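For chain X, the structure is supplied; the task is to place chain H with the ligands on it using the hints.
Protein chains: 2
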Amino acid sequence: MIFSEDFDVIVVGGGHAGTEAALAAARIGQKTLLLSHNIETLGQMSCNPSIGGIGKGHLVKEVDALGGAMAAAADEAGIQFRILNSSKGPAVRATRVQADRVLYRQAIRRRLENQPNLWLFQQAVDDLTLEGDRITGVVTQLGIKFSARAVVLTAGTFLGGLAHVGSSSFQAGRAGDPPSISLAMRLREMKLPAGRLKTGTPPRIDGRTIDYSVMTEQLSDTPAPVFSFMGSAAQHPRQLPCWITHTNSRTHDIIRGGLDRSPLFTGVIEGVGPRYCPSIEDKVVRFSAKESHQIFLEPEGLSTHEIYPNGISTSLPFDLQIELVRSIKGMEKAHITRPGYAIEYDYFDPRGLKGSLETKMIEGLFFAGQINGTTGYEEAAAQGLLAGINAALKTLDRDAWCPRRDEAYLGVLVDDLITRGVTEPYRMFTSRAEYRLQLREDNADLRLTEIGRRLGVVDDARWSAFETKREAIVREQDRLKAIWLSPKTNSSAPSEADVLRVLGKTIERDYSLSELLRRPGVSYASLMSLPGVGDAVADPLVAEQVEIQARYHGYIARQKDEVARNAHYEEIRLPQDLDYATVRGLSSEAQQKLNQHKPETAGQAARISGITPATISLLLVHVKRGFSSQNKKKSA
Amino acid sequence: MIFSEDFDVIVVGGGHAGTEAALAAARIGQKTLLLSHNIETLGQMSCNPSIGGIGKGHLVKEVDALGGAMAAAADEAGIQFRILNSSKGPAVRATRVQADRVLYRQAIRRRLENQPNLWLFQQAVDDLTLEGDRITGVVTQLGIKFSARAVVLTAGTFLGGLAHVGSSSFQAGRAGDPPSISLAMRLREMKLPAGRLKTGTPPRIDGRTIDYSVMTEQLSDTPAPVFSFMGSAAQHPRQLPCWITHTNSRTHDIIRGGLDRSPLFTGVIEGVGPRYCPSIEDKVVRFSAKESHQIFLEPEGLSTHEIYPNGISTSLPFDLQIELVRSIKGMEKAHITRPGYAIEYDYFDPRGLKGSLETKMIEGLFFAGQINGTTGYEEAAAQGLLAGINAALKTLDRDAWCPRRDEAYLGVLVDDLITRGVTEPYRMFTSRAEYRLQLREDNADLRLTEIGRRLGVVDDARWSAFETKREAIVREQDRLKAIWLSPKTNSSAPSEADVLRVLGKTIERDYSLSELLRRPGVSYASLMSLPGVGDAVADPLVAEQVEIQARYHGYIARQKDEVARNAHYEEIRLPQDLDYATVRGLSSEAQQKLNQHKPETAGQAARISGITPATISLLLVHVKRGFSSQNKKKSA
Ligand SMILES: Cc1cc2nc3c(=O)[nH]c(=O)nc-3n(C[C@H](O)[C@H](O)[C@H](O)COP(=O)(O)OP(=O)(O)OC[C@H]3O[C@@H](n4cnc5c(N)ncnc54)[C@H](O)[C@@H]3O)c2cc1C
Ligand SMILES: Cc1cc2nc3c(=O)[nH]c(=O)nc-3n(C[C@H](O)[C@H](O)[C@H](O)COP(=O)(O)OP(=O)(O)OC[C@H]3O[C@@H](n4cnc5c(N)ncnc54)[C@H](O)[C@@H]3O)c2cc1C
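Residue numbers (the numbering used here), protein chains in the order written: chain X, 3 to 638; chain H, 3 to 638.
Hints are not guaranteed to be accurate.
Copies of one chain are not kept apart here, so a pair can be met inside one copy or by any two copies together.
[What the hints assert, rightly or not] Capping the alpha-carbon separation at 30 Å, the derived lysine-lysine pairs in BS3-like fashion look like this:
#1 K483 to K595
#2 K331 to K147
#3 K33 to K335
#4 K490 to K331
#5 K356 to K600
#6 K490 to K507
#7 K292 to K33
#8 K331 to K285
#9 K147 to K335
#10 K331 to K33
#11 K600 to K193
#12 K90 to K507
#13 K471 to K562
#14 K626 to K562
To be clear, the hints were calculated from the coordinates, so they are not data collected in a lab.
No experiment lies behind these values; they were computed from the predicted model shown.
If we strip away everything but chain X, and leave its shape as in the complex, we get:
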């Protein structure tokens, strides 16, 4: 049957990518349908029960700055909050939350159910409908046809999903969920460039069988960090500790003894796994000199005893899983509640995508999440948000938004994917960003909320909170510029002792507070402790911005210059129908690579491995000539 109402945007899949995509498209005001296997599993965390971490936390803050759900849901579901790298520079500081699985699902589902313009429907999608190379809708398992002008596909690990434990395997989207077989076959038929990847998860443990007394406890930070720019610590439920233990040489012997029965080593699994989230068998083989690996025992929630042993992802046969778990200190009597397993699934070469996450081959079809070769909830959510925005914009005939590498990790993520493709599941790291100092967690709102407002994904409440904060920052910065500290002491000025205490030395000329704040070791709080300098701002986030922007002023200014220099390239668009074999002077390697990638801008072209600055120059000459001749044709 054909469903009688048309939608603007259909999102397929209710994981982290799909839920952000659906929410974003609906926030923009487009009539959106979210189709997923099971309404009960919306927002389900397939693997570790945690959100954020270095690089990943940055993405979550960006999603939040753009009105997304992930950070806010984590604030409601988090049972342990920490700031990683808190002693390091602000660029690499990151929020990480241990989340209660059930509460997290609930927080996401509540947002979906209460989002105007968004409709939920529980059904697997088996097919896409096209008119020529334009998407027109989807067909569900029951043969129901839904029409839309844009479709966002976020099928995660479900496409042709195959779970492995030892030499056994079974079809599944993840343990307990059915795979998407028909849709995977259909996509393969459409000749979208596909491959296989794999990822894995550790066995889960019954916490009642763990001896925590021999482990190290790790508590939430105090005061508890907050993830969302709109959140507060009062939203957090009861907090729980995590526990730290280690593998030992016996554990490693057990693993080595079982490699001939590991599907990773016997060649049963074709898909490539994530180098940065390796299985324990990978770690033992690759770092064979290391005698011990750290394991974090993370609670799965407030209402369960199940424990997630972070660090021992494995697809070894189950008998070895038991042996290896029980070889670890404090786990001698551990009962496994769910076996660890690896999952292999279809992904699509992201070099087939535009910067908007629209596929190049099929107009109106967007891909987001694990399906693009990434791994991680945060990477999925960020892509989902972007694809949802751009799908909605497309149906409004508005230009796509493609965040730049200097604007957002989201820009880095998408640009990496579409220009370099993936050879293994891609995860975010701060080291992937060349303008790291600008792309901090703390300023994600300052970087993106105004853009989000323009795009239509930022609601009034967030916008007014943001404006208040932004104005307070500027006001305080202006105030600090206007207050001068003089070496001449007088009754109203701070004493020499005060100045020594705060600055570590005396001053020889007049300095504005703004200038003094740039000095290393001078904090905003200490500066404000000087008598006569007026009241500090009340909002700690405003104070933080004032301090960070002053302290890193020089570096940031330099990065901005560099961005400006490179911006030129980013703005030169390359025609998508250009045959690089016709570009004079290009090496045949360069021709091949460019024809394969079809970069959208010269900036993108420059980042393709093997493309030299000389090649770019030739390209620019050609494009200039090409455009003018095209323009001539048009005007003729």
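Positioned in the frame of chain X, the structure of chain H with the ligands alone reads:
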């Protein structure tokens, strides 16, 4: 691999039967393993979000009286509590709870995770292992072999599960969950007598698209009823109303117009559906004169807008589902979030079971729940509890517990199943019980808790609460017997006006309060309002018992006599290896039926349809003779 530890009892399936079975076996102290597809779906309600109702509520109270989880979980998860038939006699009064799906799952899971001796493991079971005709364990999807001396199989609607909507069908255990195909095939290979049944569920509606203003509101009763004997109203979460609307002639026209596309009428579905939970298409066809059917719109939970429209279960094609829903008053703009569907599945002829729910063919293998041809959570839970108890007793070499028809609805349920089999999904009704007046909700604890204590499923807390209550009842009954009301008024006795008010007339001789309470229209409360009769008991449940037992004293005494007369038959055991063809004088029909059923007692034999009292007499003669000749042989 073979799992290194042995279990006493393995329970396969984490639905309502499986969870009660696992809890009961573990309460008895036997080492128990619960294997299910998915830990997240433990205690999942596949269809309507409600527990209890007439006949069903009785089962839940019995499960509770035996220490089971269902009533207590309903007290924690219930968002509407009502007593049905509250104006009728106590025998047919029943508790019904509308439950929050998420909270219910959580309440069940918490109990499972905290039950000593109980281990959870997430894995589908694909096979059973036997030694001769004795069960030895199970094999999971990953080839893990778990050993146990008893196995309880509770696979619900999952065995060969096939979902239907219009002419489409897909394999599933229920929507969103994978079916059990391998296990179903394996059971068929074992030649256990199997058939197909079907059941259905309505589409779910987004509550935001319903116009409640044109509907009738239905609130919780006040004061809120409590389900568990150990529960309290303070445990209940926030309460929500239900709403009542109706189908109309247009609805019925739409349905009639679609019958040629209904899998129920085109012959696509082989399985027989439940006559008493019919689909809306069944109702429209069977009661063609009726112009309207009532629909209850029931909230699915506190944190969702989803609504369960009780009364329009359907497997019509989805386009007709939309039309039919939107033809109903207040639902003109309804958005369906999940399509309705029917599910067909394998069940096993319960005449192949003993009264303990052990299969006759395979020693140590027990069946409980939907797999035995029943429908409903309550029927499943009751069977699960019983099978769990008997599996545990078996591994302790203790005698099975087979509740009698006059003891419990549980006895009625099992006896009906094993003596009559099923031709359609079996659900409980009070009319199935011949000793209805004895089998009330209110006295489930008085009937069963002492037995449960002996069996080992009733813990100390429940036992001491029960003893306190039972003693208080007896104490109050004794007190009422000792207080006499005299027609002679004196200063300390009630005035004539008081007596008239309470009894409706004056008395002419001395009566004990106990005697007066038996009079129709005299309540305990009004009796206690007489001056000089002392204080009423504080516990309303004690007062209720005192009142009911007095009021129905005569009837109950007569039922007890009848039970005693029939008890004789129930105690005469029939040898399981008896070939009825050798019994002199039996008609060949009787021989056939008895050979097919192999009843365990003469009572059971008497209830087989077509077996006459004359047949039973012949049987008794034979058995007497048989036994004595056997005994002779033994002593020889
Ligand atoms: C076993 C396992 C181990 C993992 N290990 C790690 C790890 O170590 N580190 C890490 O960062 N990440 C890991 N992940 C990955 C992480 O779960 C994903 O990155 C993240 O969930 C991706 O989000 P997504 O939205 O792209 O897809 P998913 O979260 O997989 O969601 C996909 C959604 O689409 C729905 N869907 C699929 N097909 C259809 C269809 N045809 N019709 C309708 N709905 C459909 C599904 O029901 C589901 O709701 C692991 C995942 C698994 C399964
Ligand atoms: C579509 C639908 C409509 C229904 N309509 C009604 C109705 O109108 N009225 C009514 O009273 N009842 C209805 N029911 C029935 C009701 O859901 C069941 O009576 C009740 O759930 C039975 O409980 P159970 O424990 O026997 O099985 P279920 O609740 O079905 O539980 C079975 C459990 O076993 C697990 N399992 C199955 N196979 C395996 C395996 N091989 N290995 C491991 N685990 C396994 C499953 O994962 C699940 O946890 C309906 C059910 C469905 C699906």
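Hints, verified against the model:
Proximity of K483 and K595 under a CA criterion of 30 Å is satisfied in neither setting, with 52 Å inside one chain copy and 101 Å between copies. Only between protomers do K331 and K147 lie at most 30 Å apart by alpha-carbon distance; the minimum there is 27 Å, versus 55 Å within a single protomer. Within a single copy, K33 and K335 get their C-alpha atoms only as close as 53 Å, which misses the 30 Å cut-off; across copies the closest is 15 Å, which meets it. In the homo-oligomer, the alpha carbons of K490 and K331 never lie at most 30 Å apart, since the shortest distance is 64 Å inside one protomer and 84 Å across protomers.
Proximity of K356 to K600 under the C-alpha cut-off of 30 Å is restricted to the intra-copy arrangement: shortest distance 9 Å within a copy versus 72 Å between copies. Taking identical chains as interchangeable, the C-alpha atoms of K490 and K507 lie at most 30 Å apart only when both belong to the same chain, with a minimum of 14 Å there against 107 Å between chains. Proximity of K292 and K33 under a CA criterion of 30 Å is satisfied in neither setting, with 54 Å inside one chain copy and 39 Å between copies. Taking the shortest alpha-carbon separations for K331 and K285, only the intra-copy value of 19 Å comes in at or below 30 Å, while the best inter-copy value is 63 Å.
In the homo-oligomer, the alpha carbons of K147 and K335 lie at most 30 Å apart only across protomers (19 Å), although the nearest pairing inside one protomer, at 52 Å, exceeds that limit. For the identical chains of this complex, K331 and K33 are inter-copy neighbours only, at 25 Å across copies versus 54 Å inside a copy, given an alpha-carbon limit of 30 Å. Taking the shortest Cα distances, K600 and K193 sit within 30 Å of each other inside one copy (17 Å), while across copies they are farther apart (62 Å). In this assembly of identical chains, the alpha carbons of K90 and K507 lie at most 30 Å apart only when taken from the same copy (24 Å versus 91 Å across copies).
Taking identical chains as interchangeable, the C-alpha atoms of K471 and K562 lie at most 30 Å apart only when both belong to the same chain, with a minimum of 23 Å there against 79 Å between chains. Taking the shortest alpha-carbon separations for K626 and K562, only the intra-copy value of 27 Å comes in at or below 30 Å, while the best inter-copy value is 103 Å.
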